[in-house]
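Protein chains in written order, with my numbering: chain A, 1172 to 1531; chain B, 1172 to 1531.
Honestly, the hints are just simulated from the structure, not real lab data.
Where hints are given, some of them may not hold.
Copies of the same chain look alike in the list, so a pair counts if it fits in one copy or across any two.
[As the list claims (entries may be wrong)] 20 Å max Cα-Cα, derived SDA-like pairs, lysine to any residue: (1) K1509 to N1477; (2) K1304 to R1432; (3) K1516 to R1408; (4) K1523 to F1251; (5) K1351 to R1365; (6) K1523 to T1387; (7) K1304 to F1251; (8) K1523 to E1469.
There are 2 protein chains.
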Amino acid sequence: MTEHLYALIMAGGTGTRLWPLSRENRPKQVLPLTSDRAMFQVAVERLSPLFTPDRILVVAGRDQVNLLHAQESGIPEENFVVEPMGRGTAPAIALSALYLRQRDPDAVMAVLTADHHIADEDGFRRVLATAAKVARRGYLVTLGVTPDYPATGYGYIERGEMVENVDDLLAYSVAAFREKPSRVAAERFLADGRHSWNSGMFIWRIDRFMAELAHTMPELMAQLEEIERAIGTPAERETLDAVWPRVAAQTIDYGVMEKARGVAVIPIDIGWSDVGSWASLMDILPGDADGNTSVHAEHLSLGSRNVLVYGSGRLVATIGLANVIVVDADDVLLVCAKDRAEDVKKLVDRLKQDGRKRYL
Amino acid sequence: MTEHLYALIMAGGTGTRLWPLSRENRPKQVLPLTSDRAMFQVAVERLSPLFTPDRILVVAGRDQVNLLHAQESGIPEENFVVEPMGRGTAPAIALSALYLRQRDPDAVMAVLTADHHIADEDGFRRVLATAAKVARRGYLVTLGVTPDYPATGYGYIERGEMVENVDDLLAYSVAAFREKPSRVAAERFLADGRHSWNSGMFIWRIDRFMAELAHTMPELMAQLEEIERAIGTPAERETLDAVWPRVAAQTIDYGVMEKARGVAVIPIDIGWSDVGSWASLMDILPGDADGNTSVHAEHLSLGSRNVLVYGSGRLVATIGLANVIVVDADDVLLVCAKDRAEDVKKLVDRLKQDGRKRYL
């Protein structure tokens, strides 16, 4: 069943909107956001037993790889793929696929994320096992999350006709990839029952992916081949460092999926949520009767409702607040209206402009 | 001019509504609330040069006297009057008057507070100097603050006819003392021009005060005489400790002023404000163009309005807040809707009930 099956965890990015907890040297993957375990550890552990640690690859920048390797996930050092610099998801996945093909040309590769919450972990593993079977038939499978509200923060995938039914999991052709919609469009997508959220999770045979990559992104493919020729030689690192700055930044959706042949979407319902901002984290964590949630803090509330307190051990008292996020993080305190949680990024941008490195 | 003139600073109370900055062992008098100086130091310094430190008495409980004496105000140790336990303002003032009479039977005594902000300190000293002249004529003078809004948090004094005009400062008979009014009544008081806020500041000759005390609170007077007989004997402390628990708690307004003869009110306009709660402190401190105020903190605001940040050196970032108070105090963080600032007391009560001494 799991023969030739590998996972790739995409672990780049710092999670700016989770500042001040997330910092450049403390990206969100190492933060214990949804439990007392780092997001990365959660992402590794929920793959067990389908994927053993030696079958899990991780791709990220140098600094992040060092941090993630220190997390004691059991993943061997050689499974960490280091990008010299971030170039978007298409080059990161393609580079990882290149290394994986060297190791196992018959590999089936599940591309997964470390920055999402999945409530139904058993269901998630069942989906991956079945989706791998669909992938073995040659499809580039994308996992589409069945929406439960008209989200405007995700891209959508519109399905076409059913193409496979494996173990009662249905795979469809893809009618269209759609960018983050307006509220009106999102409500239409939710109502028509044909749209799924684009989860950014994929499964495919490595040979099929490489064939589609050559077809859709020939320039990147040529650059990969230049790197491939140096693998195992003394010039390997040097070649990667020389080639990578010339690689064009691109997402896997634009670069490959929207143009590739044999793409299928499998709609799934596994309690998947983005953990991109304090507001989305708040929606995931269970609240008390007043909708208040506290993590790593004691929250003493007097008439507060829908308050998230993410603390660092101190007592946090609130009186009469509603829809507010309080993050007590060592040297910075953030208090933010929940509906302004996306603007945390603007605040970090301002600190960057002002050169206030100690807070970045 | 200042012959026989003394000040008594009432310095009891902890300032519960300024929690978590105020604590049992850190009462509001020692906090640098309105400037970088402790409230008590501000209260002493604004009396200079009218009152030199040796002419300033201070009354408070034992623990507070120890804290205040450590403030290096220049006030000699023997000027601190220690109450064995709090019994309200009438016994505290009466006990202090007893000691002062021992020292100078011709004393004129100005009863002042440490927990109010006075914007016009020059004007305040001019008022005290003139009010002392009125007091020398035999009046028990109470200073009434001319209201500038219909406050419901202060008691009011209604004036009668004018009885004195000294240096253009007018003294009136008192028609009535009024308790904290309803909003409607407060608006009427503001409109009729005959009402002043009861500031809790008084000036009188010690002989006149003692005569009225004997008349209005004979039981307390008898208890004071018992203490007086022990003054200078080895039994002084012991007698005070024995008598004080039997003293009935009472305010100076109810106990003396409302029944005394020869009471006069002098309406004054010196920028007087209570510093009783975070909301009242916020109203005193100057804000920026968005109405935001920060003390001992750097406040990085993104679209916040009317936010008070009282910090302890950390960066405090806020996004999209309005009318909120943030107090970052060592081991506790408080975030409070401004219009709920009075409820800080309820929160402290809950901590008391729960026996959480480290936060009290």
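These are the hints, each one checked on the structure:
no., hint, result
1, K1509 to N1477, "both (9 Å within a copy, 18 Å between copies)"
2, K1304 to R1432, "within (18 Å within a copy, 100 Å between copies)"
3, K1516 to R1408, "neither (34 Å within a copy, 64 Å between copies)"
4, K1523 to F1251, "neither (29 Å within a copy, 53 Å between copies)"
5, K1351 to R1365, "within (16 Å within a copy, 65 Å between copies)"
6, K1523 to T1387, "neither (36 Å within a copy, 68 Å between copies)"
7, K1304 to F1251, "neither (26 Å within a copy, 86 Å between copies)"
8, K1523 to E1469, "between (32 Å within a copy, 16 Å between copies)"
Checked against the numbered hints listed earlier, the structure breaks hints 3, 4, 6, 7; every other hint is satisfied.
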